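*Asks:* As given, the protein sequences belong to chains A and B, one line each in that order. Just so you know, we're using the working numbering here: the first sequence kicks off at 1 and counts up by one. Just so you know, we're using the working numbering here: the second sequence kicks off at 1 and counts up by one.
Derived by calculation from the structure, the hints in this document are not laboratory data.
Each computed PhoX-like pair below joins lysine-lysine, with the alpha-carbon atoms no more than 25 angstroms apart:
1) 120/A to 47/B
2) 699/A to 151/B
3) 107/B to 72/A
4) 39/B to 8/A
5) 455/A to 406/A
6) 162/B to 120/A
7) 701/A to 147/B
If you only want the chain A side, here are some residues facing chain B, beta carbon under 10 angstroms, derived:
8) 28
9) 100
10) 124
11) 125
It should be emphasised that the depicted structure is a prediction, and the values quoted were computed from it without experimental measurement. Where is the CB? At the ideal position from N, CA and C, for every residue including glycine.
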Amino acid sequence: MRRRDFLKLSASTTLALASLGLETKEGFLKPCSTLAAAPKSLPGSLGAKEIPSVCEMCFWRCPIVAKIKNGKLVKIEGNPKSPANGKRVCARGNSGVQLLYDPDRLKYPLKRTGERGEGKWAKISWKEALDEIAFNMDKIRKKYGPHSLAFFDHGASAEFMREIFQALGTENYSSEPAFYQCVGPVAVAYLTTMGYVVSGTRQYIDMANAKAMLLVGTHIGENVHVSHVREFIQGLSKGAKLVVVDPRFSTAANKADIYLPIRPGTDTALLLAWINYVIENKLYDEPFVPRNCTGFNELKSAVKKYTFEWAAPICDLKIEDMKAAIELLAKARPNTAIHPGRHSTWYGRGDVGRHHCLSILASLFGSIGAPGGIYFPTPIKKGHAHCVACKGENEVEEPDVSLRDKYPFIEALPGTPTAEIIKATISGKPYPIKLWGINGVNIIQTIPNPYETIKAIKNLDFIFCEEMMPGETAIWSDIILPGATYLERYDSVYTYDLLTPYVTVRQPVTEPLFEVKTPYWIAKELAKRLNLDCFRCGNEKELVEEELKQMGLSLEKLNAEGGLLKFKANPYRKPDELTMPTDTGKILLSVPDFAEEDLDAVPKFVATPAPPKGFARLIYGRSPVHTFSRTMNNLWLNHEWPENHAWINDEVAAKLKIQDGETIILENEHGKRSNPIKAKVTPGIRPDCIYMAHGFGCKSKHLTKAFKKGASDQYLITTYENDPFMGASSHRTSFVRIVKKDVVKDIPDLRPLPKELPRFELNKA
Amino acid sequence: MVGTGDILKFLAQGFFYPDNEEFIEKGSSALLGLAQDLKISLPQVDKIPTLLEHQSEFVRLFMAAPGGVPAPPYASYYINSQKLLFQEGLEQVMEYYQKAGLEPASKSEPPDHLSLELALASHMIDSGHFALLDDFLHNHLLLWYPKFEKKLFNAGPSWWFKLLGQVTGKLLKQISSMEGGSYEKA
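If we strip away everything but chain A, and leave its shape as in the complex, we get:
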């Protein structure tokens, strides 16, 4: 018997096979030119080739070294040259290996074949995918006007596509949840009062050299940004005192000298009372304030009414604790780190005011430009690649009624509030929005009220996304473009302007796998189809070289230095040499521009509605091993932290007969229910709130490891209001009660509620 033809085929089978013309078909294989078999080598990452790059498992972008063996990424470590993180990476940084080789990742362009959101697809070619997107962009733009296109973006992968939307003339060329669901209010507060964004992607706060620190709702150690956490720990290890204000006994609270378990929604009351106390008791820096600040007298008279006696019942704190905390912070001035906070979209109206208060407090302590206080970035002049911008690109012509109109302090910022795009997409007013592009952000697990977001998506003529994983947003798309991960591409030159400045570059550690393409290639090909003259560099490597050239560098030179060059920092200023980057050169304690727009020149306490009877406020935070919803399917991280827990006060739990570890469901003020979630019964949370880590409760069945693990906070946040300064959406304005075995259990009132705090009205929900 011969193996070549051992199977006795029937005549009909032979005929059918012969008719396929297999022998003439282009083969799957070709003579070997490059493939090398894996040599037997040292175990693990020993002997691996090292490629310096930049992490993007979160937005902090730590310098890394990728270890490659036989073309395969085997390990990721911190770049030892990096003064920020050194050899360290966090759990997520380490787990990039799992992102790259995740069997669930998106590998090919896909086109929807079933109903929108059903998750039925056909694989299509890149040509077909890009042709179809270009056709729809062009058709919709011509039919409804340029503003009918909207782009939701995040991170380095979205930069090029954003250029396309801008070149097509839509005012909605950027709508970053990273801004409108996170740093918007704090950025506006500091940009207005100090002239620069003290807290945006980065926080310029010198915790390593502080003698005292204040954290208001900031969960360092749970939100892990390696260099930031290191500085926090350095400060503590050198003896810095720590005050933590938080309704929950967080990881940071565990390190605190004074922990203030404040009633959620009342932080501004505490801060105003502290400011008043500092002024009344002359605890402020007397030479610094008159020299470097404006508006002191307005501030002084505006805060006079905010006494500890007034604040104590509102904040549900003891006067002696509030007093001890502020005196501890004042004693350390000017080396007091009043952390500006980061995620600031809490309550809507009061958010900018709360961060304005923190800015005032830091200024009163004279800690601006002082070691241990707020410092100044050290800008590294980065080269500009002329080949990126679109030729002939004009200013975006605003529509008659803009989605930005309502927000007077949005002007300095690009793009449109996410909530406004969603509302306009649903209502068609003030103009129709018919096409969404999405890149690098899972909007359904990020923007409050995902039910509304899905309703808007159903109203669209076309929606496409560029993604790496098939998360909730991807499955609602008509076309999915599989984007290269940060390990498969170059990105623009990266400069770090904090206390240890450096320049580095993200570079690929492997060729893009499967049929994925880099964001630059995708944008370049799409631009061509739209007749836009953009992206004239042949590829992203040329772009990076052009940027580096203007810095007197090249990839070769940079890599010879270990992929990173350090610069000398210039973070501090002497008080008598301090010039702020504001119009007056001074810090604005009172902001006249706010008053001109009928907003508060000096922050006021405006009560955010307290929980309705039977409900607790829903609060949330971060898991240290996850970056929102985007790492939930990562095997190693999923093993570390597969699901979140609902933190419930132990007294509340005892009254409701809920045991630690018991599975419950949360129901919000609109009757929306969560996935089942385990209760964490603890005295480490106030009785009037329930906490859960954000990003869990995956609803995408395509993510095998993350699906249905834990509960999603986002799906419970259905009440929100928009910040009146720049349109950010609030996240701590929803309430929950507990459902156990189908029985709804009201949260008992265990803390007295003062008259200043009206309850949320359920009949308005």
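Fit chain B to the given chain A structure using the hints.
*Replies:* Just chain B now, kept in the frame of chain A:
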């Protein structure tokens, strides 16, 4: 004359993303004929799938589906304890590519994709590398194909893909069960 190598080429094509209607039509007859010749019980064939139906089913089974990809067609997924891609399974098969002096013609799939491995087996037969084929089947392809086939069946595939999986499984088993060298005695 249609030989075993040609059958494997056909099966390799069957596990590759479908891009023309003709292959599905003619391939259906070939598949049904092979099943009959291999004594596999024939399924109830209501209709030949259209290209779009076939593509959607392919994506559901092998690329992206609610509940995760039911049957990832990559050796690494089955050979690696963490079910990662581009791992030991790929390293194993690369040794065979090197010995056969071949490499995949396109980079759109990793070298341990089922189609490419079947194409490699086909080449080994056509070029008479039987000892290498034995080694390849016993020490690589058949270590993972049965697990893949099981996953494929569990996903409730269309008759086309179910039969493709069965024919491939039975054929590979038959080739591998032939004693080394016996094939040259004919």
